Every structure is written in C-alpha cells, then in structure tokens.
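Number of protein chains: 2
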Amino acid sequence: MSSDILAVDAMGGDNGCETVIRGSIEYLKENNGIRIALVGKEKLLKKELKKYGMENDDRIFVINAHEEVSMKDQFLTYWRKREKTSIKKGLDLIKQGRADSLISTGNTGAVMAISKDILGMLDNIDRPALSIMVPTLKGHSLLVDVGANVDSKPKNLVQFALMGKVYLENVLGIKRPRIALMSIGEEDSKGNELTKNTFSILKKLDINFIGNIEGKDIHLGEADLIVTDGFTGNVTLKVSEGIVDLMTSLLRREIKSSLLSKIGVFFLKSSLKKIKKKLDYSEYGGALLLGVNGVVIIGHGRSNVKAIKNAIEQSREFVKKNVVNKIGQEIASMEKIFEELKYV
Amino acid sequence: MSSDILAVDAMGGDNGCETVIRGSIEYLKENNGIRIALVGKEKLLKKELKKYGMENDDRIFVINAHEEVSMKDQFLTYWRKREKTSIKKGLDLIKQGRADSLISTGNTGAVMAISKDILGMLDNIDRPALSIMVPTLKGHSLLVDVGANVDSKPKNLVQFALMGKVYLENVLGIKRPRIALMSIGEEDSKGNELTKNTFSILKKLDINFIGNIEGKDIHLGEADLIVTDGFTGNVTLKVSEGIVDLMTSLLRREIKSSLLSKIGVFFLKSSLKKIKKKLDYSEYGGALLLGVNGVVIIGHGRSNVKAIKNAIEQSREFVKKNVVNKIGQEIASMEKIFEELKYV
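Line order of the protein sequences matches chains A and B.
For the first sequence, my numbering begins at 1 and goes up steadily by one.
For the second sequence, my numbering begins at 345 and goes up steadily by one.
Just so you know, these hints were derived from the structure itself, not from any lab.
Computed from a prediction, not measured in an experiment: that's the story for all the values here.
Please note that the accuracy of each hint is not assured.
[Stated by the list, open to error] Across the chosen pairs, the derived CB separations fall in these ranges:
| no. | chain 1 | residue 1 | chain 2 | residue 2 | range |
| --- | --- | --- | --- | --- | --- |
| 1 | B | E537 | A | E30 | 40 to 50 Å |
| 2 | B | K617 | A | N32 | 42 to 52 Å |
| 3 | A | R176 | B | E537 | 30 to 40 Å |
| 4 | B | K686 | A | T77 | 29 to 39 Å |
| 5 | A | S333 | B | K650 | 49 to 59 Å |
| 6 | B | I518 | A | L259 | 49 to 59 Å |
| 7 | B | Y687 | A | R98 | 50 to 60 Å |
| 8 | B | A676 | A | L259 | 50 to 60 Å |
| 9 | A | K51 | B | L481 | 33 to 43 Å |
Beta carbons: idealized from backbone N, C-alpha and C, even for Gly.
Here chain A stands alone, though its shape is the one from the complex (with noise of 0.2 Å):
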C-alpha cells in the first residue's frame, strides 16, 4: 500500500538543505500525485520552505530531527544508536507506513548501516549494497556495488548478483541481463582471491554469467550489470568522476588560452553538452540500496539541484514498480542456491 508521500533527508550532502530543499520544490512544482516529507531540523527546514512561499503548502512538510549525522565515519556506532537523526527519523516514516521511500545525501555508510537496523534485511541476503547507472557507449549497466562493503566475500558478490539480475529483469524489463565480474584481466584465472573464487559460483549459478570484464571495457556496454565488491566499485566511480573532471578542466584551459579554441566550443556546445549529460551523475539521481527491506536511495554528496530531482522521480519509479517486493520474492524463490551459499 502506497502512502504517496516520500522522504528526503533534508541534512545531509555537501551543498546544505537548500539544496535538497529546492530540488524537492522544483520537483513538486513540475509533478503532480506526490507529497514530500522534509526530514531534519524542524525551524531551519521552514525557514528554508517560507523562502520560496511554500510554509503551508501541504505537497510538502517537515518531520522533526534535531540531529545531523556528521559525513565523517568514525562514529558510525554512535549514530545508529542515536534516535533523532534525520536518517533514523527519515526511516521511520518508512517502517511505520508512513512513507513510501527515503533518498539521503548524507553519509553513506550511516544511511546504510541504519537502514539495515531499522528496515531490516531481505531473506537470505547478509549486506546491502549500492548500486548505480553508468554510462556506456549503448546506454547504462547497472554497477554493484559502489561502496556500501568493504572486505566483501564471495557469497556477498553472488549475493549483490542475484538482486541486481532481478532489478534488471523488473525495472528495466531486460530479460537475462548479461552479468559480468569486474576483475584485472579478461580470462577466468585473472584476479584476486575474492574474485576467483566469486567467478566459480557464479559459473555454475543458472544465470548469463558472462564472465570477467575489465576496467577498460565497462563503458563498452556489453554488460548490463557488473559485479564488484564497495571497495573496487567506490574507487571506479569515483576515478571515473575524476577523468571526466579532468578533461573538463584541461578542456577550459585549453579555451581560456587561445581564440580559435574559443571558436571551436561554441561549435560544439551542443555536442559538448550531450556527452556532458551523458556523464553527469546528476542525471542518473542516485544510488539503490539493495538488499534492504525498503526503497532507500543514496545520492551523491555533491548532489545539485537536478540530482535531487531525478533522485525523487527515480525513487517514485521504484516504489511504483514495487521493485523491493519483486527483488524480495525472487530472491525467497532462490532458496537452494542460497543453502548452498552458507558454505561459501
């Protein structure tokens, strides 16, 4: 049952609530048939809303919590035992019915360590894990996981596998997603402990295991979804962000020093602002936390205006798509390959 209200996490992300605030306003504004709850301290979120007229405007409303969780981890165990965060509270709303989802810009580790304690696990799944669009030369494969484990075993690959096959098979509606292993050479024998011995469940498991792809060959497309552990699929996101970052900087530089650079951009700006879109994170929202018992949605920290927005339309999707239903049920469904996992 549907309460066609969504939770933002107003605290979190680099950029401060007026951000999330005015992305979540620009979304009511432009779609209709949803309500937005507001998470965080209650006098600065109204504040914020009073700004832009939107004080008593019912689309829109703030949940109470006084406290933010810091972006630093080194108190993880601390913030899951406090009460009035705005990530425990923003789960709430989730647990109690009371909303539909929760997107958050805060910090990763928090939301997804609470959203295991509050929300709980999937059957038969041991971690949750991110996972994200990325662009390719075809369109986009899915990419799990971006960072929710570190020191991941074998069975939690597999794991992030399955539920990313089902995501695939229901959101997308892509029939037998081709699955890949994200590894340092193509052939079976390449890679470390964990993906040796990952590549030879998978092998065996009734799935499109296509087997190891490389680094290089992500963005080519022939996979729809890879698989890797938080460490691994953490540092390809971001080095990705970072090259793109890069050539953007090298490029400006490159205009700034001579004229006839000038001259050529503005030919491009077109084409320059597809690949850009092409590229952007903001255009992709956020990250699905798989595994859990609810549709939580991690953005990017940087998160602007348009992120939150898509991030918002992304979790509606979600949630009409009854995706955390679907991935639970399936994966029920898998009882024997998950017996077999517990030896793993």
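Following the hints, position chain B against chain A.
Structure of chain B alone, referenced to chain A:
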C-alpha cells in the same frame, strides 16, 4: 657498468612483433649511443628487420628465443620453468651483464614472476610492484602498484610506498614527495582492512604521508605518489583508459552527426590534440617494475610504435640514473623500518 645494450622482448604485445620492431628501429634512427637486442623467434625477427634494410645493421641484433609466453595466465607456473621464452632470455641478458634493461609488452604476470626468478629481489622487498606515471592537472603522479600483485598485505603496500619515494627523489628530484594512500574516503578511518592497516603504519614512518586519497582526486596533482594494491591500481588505470575511450567515442559520434560539430572540432583540433597527448598512455612509455634487481619495463599490451619508442627512452633514463641501485641502497639502509614490518 653499462653495456649500452637494451633488450626488447619482441614477442609480446597485442600488435605483434612488427610494432615492437618498428618502434625499436625508429628509436635507433633518432638516437645515438645505444644498441638494441631483439629477443624472440630468430627467423621471424630477421625477416622483419630485412623489411627495413636493418638485417645487417649492428645497432640492432636478434637473440633467439623460440618460445613465446601466451597472454593467458593459466600456465604461469609452466612458463616460469621454461628456458627458451623471450622473457626468460631477455632477463638472462641483464643477469649476465649483456644488456642494461628489458622492455616487454607481454604477459605482465609472467614478466613479473620470471623477473623475480631471474633477477632476484632487492633486500627487504618481498614483492615487485608496477609503477606508472599518471597525468594530473599539475603534471604527473606516480601510481604504485598497477597490477603486479593481487591480495597484497599492509607491509607490501608500505614497501611500495618506500620504493616509490626513492624513485621520485632520485629520478624526478622531488624532495620529500607527498605520499597518499588510495581509499574510498579522505578521513583516516575510511577504507577496507588493508588500507586501514596500511594507513596506521604509514603515518608512523618518517615520510611525507598526506593520508587517504579518493579516486576522484588522484588527478588533481596533490600527491606525488599514490600507493594502492595491484588489483585496485589496475582497475584505476583501466577505468581511466575506458572513460577516455568513452569520451572520445561519444565526441566522434557527435562529429559524425552534425556539421556544426565538425566545424567546432576543426577549430579545436590543436587543443584536443594537446589534451589527447596528455591523457595518452603511449606518451608515458611503460611501467617500471619496482623491487627486482634490474631495470624491467612492462609496456601496455596495446603499445603502438610511439609507446615502444618512449619505453626505450624511459629505460635508458632509468639505467643512466642508476635507479635500481639507488632504490636498493636506500631501501637497504632502512633496516629498522623493515625489521618492524616483519611483525605486521
């Protein structure tokens, strides 16, 4: 004592011996004071030399090695035992003082393992590490390890850091190079077990350790040396390559589809060339294998003629600067540090 002979493994690489030989010949035509020993199948290589009228030129000659190590890793233990491979024969030349260095674009795992077997390791160093220069906004940073080791231990990463430090001090003349550890967050507490344990050792050493660095920041030029395990380093390198390829392909597609873009690229040509040059792996030659007792450079499997020429120039530089001995001496003088690392 220098032999002024460089050995080049002509059998590795994705582009066949033609590319390696052409690179070697072009280098010799543009540079003096050096001879090249091409190692590989004699008949094949001599036939190729003949094409360029170089079959009797004493600046380049063939050392016969009739076995060719495949690019597949399955048979690594097998290849390590073979006596007649081009990799083994090339390394023998260094061991016997008949060549100063070896360049190979062959199977990285095999070059690394056989180098360790034939040349031996520097005192106090357990495993070799591949080091490569990556482009940054401000110049370049050294990234170690980019694929020699998977499943590294903290003490290996610390050894990589120390070798990289001596390399930068001696080859590039950087005083107290800024050393960073690749992780998934800047705070001390972020990372996996490996990086956290490595962090705690690095911060105790008398080196300029600046802490963790994220994938998105490695191209900002704020660290001179970035230390990571071979799996993550390899993924980093290949993801970077993949993103550059993706952007190039997207731009090419745009150019094809619009006249305006064609005009734009015409004006931008020289700027795009500069950027491409900055990001092009072939500009940087190959990766130096740190830790073995000799100069071994491993080139990219996709090496083109320019990359081969640059790798040859690079290996001359390493020989001239006596890099391996300097690293060996400095590392040997760090007895106390390594004594402590034994218990890590």
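Going through the hints against the structure:
no., hint, verdict
1, B:E537 - A:E30: 40 to 50 Å, "45 Å, holds"
2, B:K617 - A:N32: 42 to 52 Å, "50 Å, holds"
3, A:R176 - B:E537: 30 to 40 Å, "36 Å, holds"
4, B:K686 - A:T77: 29 to 39 Å, "33 Å, holds"
5, A:S333 - B:K650: 49 to 59 Å, "55 Å, holds"
6, B:I518 - A:L259: 49 to 59 Å, "36 Å, violated"
7, B:Y687 - A:R98: 50 to 60 Å, "54 Å, holds"
8, B:A676 - A:L259: 50 to 60 Å, "56 Å, holds"
9, A:K51 - B:L481: 33 to 43 Å, "37 Å, holds"
Hint violations for this structure: number 6 only, all remaining hints satisfied.
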